[in-house]
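Protein chains: 2
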Amino acid sequence: MTTMSSGTPTTLPTWHSTPLGAALDRATGGSYHEVKRELIGRLPLDALVRDHGMTMEEAREWTRRSARVVVDAGMSATGFPVAQGGLDDPGRSCVDFEVTAMADLSLTVKGAVVFGLYGGAVNALGSERHREEFLPPLITGAHVGCYAMTEFGHGSDVASLETTITHDPETDELVVHSPTPSATKTYIGAAAEDATIAAVYGQLVVGGEGHGVHVVLVPLRDGTGSALPGVTIGDNGHKGGLLGVDNGTLTFDQVRVPRRMLLDRFGGVDADGRYVSDIDSDSKRFFTMLGTLVRGRICVATGSSAAARKALSIAVRYADRRRQFDRPDGSGEVLLLDYLAHQRKLLPAVATAYAHRTAINELVDRLQELHQLPEKDQVAQRELETRAAGLKALSTRFANDTIQVCREACGGAGYMTENGLTGLRADADVFATFEGDNTVLLQLVAKGLLTGYKEMWGDLDTRGMVAASARMVGDQVIEATSMRPLVDRLVAAAARRSPSETLLDRGWHLAMFSDRERHVLETLAARLRRAKGDAAFETFNAAQDHVLLAARTHMDRVVLEAFVSAVDACDDPETRDVLERLCTLYALSSIEAESGWFQSHNRMSATRAKAVTAQINRLCGELRPVALELVEGLGVPEAWLGSAMLVEDPARWTPGATG
Amino acid sequence: MTTMSSGTPTTLPTWHSTPLGAALDRATGGSYHEVKRELIGRLPLDALVRDHGMTMEEAREWTRRSARVVVDAGMSATGFPVAQGGLDDPGRSCVDFEVTAMADLSLTVKGAVVFGLYGGAVNALGSERHREEFLPPLITGAHVGCYAMTEFGHGSDVASLETTITHDPETDELVVHSPTPSATKTYIGAAAEDATIAAVYGQLVVGGEGHGVHVVLVPLRDGTGSALPGVTIGDNGHKGGLLGVDNGTLTFDQVRVPRRMLLDRFGGVDADGRYVSDIDSDSKRFFTMLGTLVRGRICVATGSSAAARKALSIAVRYADRRRQFDRPDGSGEVLLLDYLAHQRKLLPAVATAYAHRTAINELVDRLQELHQLPEKDQVAQRELETRAAGLKALSTRFANDTIQVCREACGGAGYMTENGLTGLRADADVFATFEGDNTVLLQLVAKGLLTGYKEMWGDLDTRGMVAASARMVGDQVIEATSMRPLVDRLVAAAARRSPSETLLDRGWHLAMFSDRERHVLETLAARLRRAKGDAAFETFNAAQDHVLLAARTHMDRVVLEAFVSAVDACDDPETRDVLERLCTLYALSSIEAESGWFQSHNRMSATRAKAVTAQINRLCGELRPVALELVEGLGVPEAWLGSAMLVEDPARWTPGATG
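So the sequences go chain by chain: A and B. Going by the UniProt record's numbering, the first sequence opens with residue 1, and the numbers climb by one from there. Going by the UniProt record's numbering, the second sequence opens with residue 1, and the numbers climb by one from there.
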């Protein structure tokens with residue numbers, strides 16, 4: 001491995017200090033890699049990295065000013081149609097989110113709410129005239145939009161929202177109303193201080209009949225910033241993080257807007273006051289509308305991934321310069337990263353960060369691919385939505401856990417705000433529960449799998465899940481597993497080898513992951529089918545841990561296959577050698593974490609289980625010499641880390657060192 | 001289990017709303033239970049629960065004012081000798097810490113630094129004259145002391161501190177000096193704004209000869225609050241939490257203090273300028289001094305435990321009133337706590353919180369017991385220090401993980417500062433790395449075990465560990481395991497039962513835990529012995545994960561045995577029945593988490609592993625009806641939870657509910 005640190009000469013992107021780091025970044029940066037490089041080089045960093053010691057008021061003001069920078073950089077328009085001044089590139093808009101997330105998450109989330117969620121709703125749920133009227137002022141910053149979905153009473157259960165949007169045939173207006181205290185919209189980003197207009201989710205009532213959840217645009221504030229008549233705006237106040245985002249509450253008291261304010265692409269009210277929709281079923285229409293959330297979830301995945309990679313970049317760099325305790329032979333103090341326990345904390349996490357990154361790249365590409373299809377492919381779309389939900393859950397869990405590990409790996413220094421980890425941790429925290437609570441999203445993944453994406457997956461409740469599995473046919477589950485020729489080839493090759501050779505064999509890893517997925521899914525399906533017709537809560541509830549496991553095993557397989565494909569696509573031998581080791585480290589770490597399952601299901605012997613642990617330790621040792629290159633390859637420039645301890649005089653941290 | 005909710009009539013402590021909750025609290029509150037009750041009833045709650053939305057400046061001012069309340073309540077004196085106005089009750093001082101921690105952690109940590117660490121150093125490392133001169137002004141608040149151990153260059157490795165304390169025979173003074181940038185003291189609680197005097201750790205040099213680390217008292221500020229000549233005070237600024245604690249840096253430029261300022265109980269300078277000590281070995285003296293840290297570590301364990309129990313109390317109460325998604329039969333929305341996945345998140349954690357609480361109670365009692373011995377018992381003292389280190393590591397890890405689970409279990413509401421979870425999480429975070437980094441502490445536990453507490457365990461470096469294991473004799477390890485007759489009896493009884501009966505059998509749980517500990521320790525000892533004489537870094541480092549595993553398995557066993565003893569001491573049948581289930585849930589959850597190990601070491605069959613998971617699910621269902629009682633039993637009064645969502649109008653959270 002000593003050859004690794006030299007590397008093949010390449011044209012360096014500006015910020016990488018090592019050729020190998022640059023090559024790793026290129027190999028795993030996805031199809032938008034050059035876009036990211038260009039953005040990194042162009043964005044004014046000073047305006048984008050926040051001091052996390054700011055008060056809430058200061059942070060909000062800072063975010064407001066920095067959002068202007070994002071708008072000026074043209075990032076507010078990328079996801080919108082060309083006709084409205086955009087690039088019509090949803091994939092690119094996810095990448096903008098990722099790059100901004102490497103700088104500051106308050107800024108990123110505020111932008112995501114205004115342009116991604118509000119703007120996305122106008123774009124995806126509105127008609128051409130909505131896009132023409134409402135997108136240009138949004139892109140220029142004349143409008144500040146917010147996305148008013150969640151209520152105190154209902155968050156995950158969007159179908160049960162209580163806000164009403166009632167058509168008044170007398171005036172041909174829509175009356176937006178919060179009938180109960182629990183109908184108050186809450187946690188609405190940008191509502192507390194800035195938003196001038198809201199995309200409000202509520203139950204559409206036309207001619208006395210309910211048509212389920214629809215979205216209407218409601219102006220919130222007048223030119224002076226005061227709430228318009230009938231609108232009551234509250235402030236959620238201080239939060240556990242994202243202090244720059246002004247989350248607030250909205251209550252509507254019979255607020256009237258013209259009928260044209262309804263985003264009516266999938267359902268609306270005609271001039272005669274009749275409800276009209278191309279989609280017959282209320283449920284299908286609802287889930288088609290919710291499907292537009294997919295981009296938001298992909299963005300959260302990219303943002304979490306960026307946050308985790310940033311934290312790992314800080315902690316690994318620190319561990320590669322910080323020393324503690326003498327070597328027994330008196331030859332000086334030991335670098336933290338030379339301790340096995342420290343390698344174990346950080347290096348498998350680095351490998352996982354690579355794995356997630358490749359899976360997210362695929363997701364972004366797929367989003368763009370499906371967007372460009374002339375005709376919507378419903379099954380492919382639902383598969384994308386399922387993967388987005390799953391990867392959002394996986395990557396936010398990973399980010400929360402990993403940033404915390406990084407904070408602790410830096411000791412007391414890690415707790416100081418100026419060193420960049422605690423702010424990151426606090427900001428990323430909420431990603432686990434917003435844009436879909438992780439537990440709910442994993443259930444949704446399982447449902448997608450059980451139905452082979454043939455059913456609308458949106459029914460998140462018990463009834464939907466049990467009913468879906470009852471309708472499911474025998475071998476449908478198999479279809480859900482891999483269809484990559486590369487994977488089939490590797491698995492087949494592994495089956496021909498002797499057990500003693502297979503520990504490093506990619507085919508064995510892939511087989512372990514997919515075999516586990518198939519077993520968990522098949523037994524889940526059988527279990528739910530046995531309860532056929534019995535839609536009782538208890539049936540589903542007793543299997544809930546099995547449901548969640550099925551989702552996780554599926555996503556683990558998806559991630560591994562994405563990583564394997566990315567490695568396969570790399571043709572520089574040295575870079576590929578490092579990627580192969582990272583991929584093995586990711587695969588074996590996952591197998592070790594699930595060692596109990598693999599043994600109790602006779603997929604792995606006791607001897608093999610112990611060998612896996614020993615091999616992980618060996619891999620940590622092999623990768624340790626290129627640790628700096630590994631974190632450079634994660635794509636977060638050193639200058640963006642915002643960590644005082646990494647730029648201070650080294651003599652402060654290490655006796656005798658000089659700057 | 002339906003009988004559980006009624007409970008045996010008892011005299012209720014003021015705050016419990018259920019007899020069972022009160023009984024559980026009493027059964028697991030330890031020997032200081034009445035002291036806690038009395039404190040809870042007496043302390044002015046309004047002054048002790050902080051608004052976590054405060055700025056750093058506001059939080060520091062609030063903490064300063066609230067610390068006055070603690071002093072007025074007599075809590076500053078409990079750990080000090082009667083002669084100086086104290087209760088001479090170190091156990092009680094840990095309990096004061098625990099109760100304060102249930103209210104606010106900034107307040108608790110500030111008090112712990114000033115009275116526990118600085119005051120503790122004066123008390124334990126000083127002579128009678130130091131106690132007479134320095135404790136009374138501390139107890140009254142005239143002095144504010146700080147504890148200046150950590151430097152930028154060295155935190156865990158205290159022996160390598162660079163600050164020097166040099167005796168000048170000309171003037172009979174001690175010269176305190178920071179020779180390098182890395183010698184600057186940092187993260188020193190109370191240093192930035194308040195401290196008037198510091199207990200400074202540094203290398204004592206007498207007559208040109210070094211005698212290792214000693215502690216000297218150095219006045220920091222004059223009457224106006226300005227730094228004294230030669231003292232440079234810095235401010236660590238904003239942190240990831242504990243904003244009320246003013247951590248700062250201290251640099252000394254040849255600062256002179258009289259010789260009498262040296263805390264010289266274990267080593268000092270006589271009037272002739274000669275170094276004198278009753279302890280011959282520098283190393284032994286150093287570790288005797290460090291042994292005084294034991295109380296601080298027990299306090300951190302009690303504080304983490306309190307924080308985790310508070311978070312669980314919030315999340316369980318919320319889950320027991322929050323509904324989301326309809327029941328399939330249309331009978332209304334489902335309470336979060338009725339979902340298996342939600343039970344799985346919270347109830348095993350509740351069981352673990354009980355387990356830790358009982359183990360910490362034992363530790364506090366043992367501290368007090370050993371303190372009262374007329375003659376120091378060195379082996380018992382080292383065993384206590386080992387357990388304190390281990391339990392500190394376990395309970396801080398558990399607190400960080402659990403508070404985060406609780407935050408996520410409350411969804412968006414959990415992220416709002418006013419609901420009490422994110423502030424708790426931010427404050428408790430640093431517990432994982434202060435008062436001894438958890439990884440370092442676990443190594444120390446392993447070393448104590450390997451040497452049967454016969455060696456000084458303080459050598460935290462490689463050399464010490466390898467050397468100790470080389471000297472270790474064959475069967476010493478066995479001694480480290482249990483010596484409780486109750487445990488022996490239960491294990492023996494289990495061995496006589498058939499495998500099918502044992503899943504709920506306490507003896508089987510105990511045997512699993514102790515067998516695992518013994519195996520891990522024996523194989524570690526053998527591994528290190530094979531490297532006898534070879535003190536190379538690589539030898540130790542390759543075994544570091546094994547070392548940490550040994551420490552954890554030992555502590556797991558210690559915790560289970562403490563819980564089993566507490567259950568055994570409970571003679572109310574209904575309370576005991578619930579405690580038995582909690583204890584089983586704790587034991588099985590631990591076995592499930594380590595299922596990979598147990599199977600790969602042939603301690604558990606595949607069938608049994610699956611049965612364990614099923615049994616955990618059953619136990620969650622059995623305990624769910626008494627969930628409120630369970631969290632009342634955790635001992636944190638509802639009024640202390642500081643969670644807005646628990647006191648708001650229920651109609652806000654649940655459609656149709658009324659307050």
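For the record, the hints were derived by calculation from the structure and aren't laboratory data. Hints may contain errors.
A pair holds if it fits inside one copy or across any two, identical chains being indistinguishable in the list.
Think about it this way: if two alpha-carbon atoms lie no more than 20 Å apart in a straight line, the pair counts; the simulated EDC-like pairs of lysine to aspartate or glutamate are [said to hold, decoys possible]:
no.: 1; residue 1: K610; residue 2: D568
no.: 2; residue 1: K376; residue 2: E128
no.: 3; residue 1: K284; residue 2: D326
no.: 4; residue 1: K284; residue 2: E209
no.: 5; residue 1: K610; residue 2: E592
no.: 6; residue 1: K36; residue 2: E369
no.: 7; residue 1: K610; residue 2: E522
no.: 8; residue 1: K610; residue 2: E193
no.: 9; residue 1: K36; residue 2: D401
no.: 10; residue 1: K36; residue 2: E162
no.: 11; residue 1: K36; residue 2: E61
no.: 12; residue 1: K610; residue 2: D545
no.: 13; residue 1: K36; residue 2: D377
no.: 14; residue 1: K36; residue 2: E209
no.: 15; residue 1: K376; residue 2: E34
no.: 16; residue 1: K376; residue 2: D488
no.: 17; residue 1: K376; residue 2: E333
no.: 18; residue 1: K376; residue 2: E622
no.: 19; residue 1: K376; residue 2: E133
Since this is a predicted model, take the numbers as computed values, not measurements.
Hints, one by one, checked against the model:
no. : hint           : in the structure
1   : K610 with D568 : neither (28 Å within a copy, 37 Å between copies)
2   : K376 with E128 : within (18 Å within a copy, 85 Å between copies)
3   : K284 with D326 : between (66 Å within a copy, 18 Å between copies)
4   : K284 with E209 : within (18 Å within a copy, 84 Å between copies)
5   : K610 with E592 : both (9 Å within a copy, 18 Å between copies)
6   : K36 with E369  : within (19 Å within a copy, 63 Å between copies)
7   : K610 with E522 : between (28 Å within a copy, 17 Å between copies)
8   : K610 with E193 : neither (57 Å within a copy, 53 Å between copies)
9   : K36 with D401  : neither (26 Å within a copy, 34 Å between copies)
10  : K36 with E162  : neither (42 Å within a copy, 45 Å between copies)
11  : K36 with E61   : neither (27 Å within a copy, 45 Å between copies)
12  : K610 with D545 : between (27 Å within a copy, 13 Å between copies)
13  : K36 with D377  : neither (29 Å within a copy, 64 Å between copies)
14  : K36 with E209  : neither (49 Å within a copy, 59 Å between copies)
15  : K376 with E34  : neither (29 Å within a copy, 69 Å between copies)
16  : K376 with D488 : neither (29 Å within a copy, 68 Å between copies)
17  : K376 with E333 : neither (61 Å within a copy, 35 Å between copies)
18  : K376 with E622 : neither (47 Å within a copy, 48 Å between copies)
19  : K376 with E133 : neither (25 Å within a copy, 83 Å between copies)
Hint compliance for this structure: hints 1, 8, 9, 10, 11, 13, 14, 15, 16, 17, 18 and 19 are broken, all remaining hints hold.
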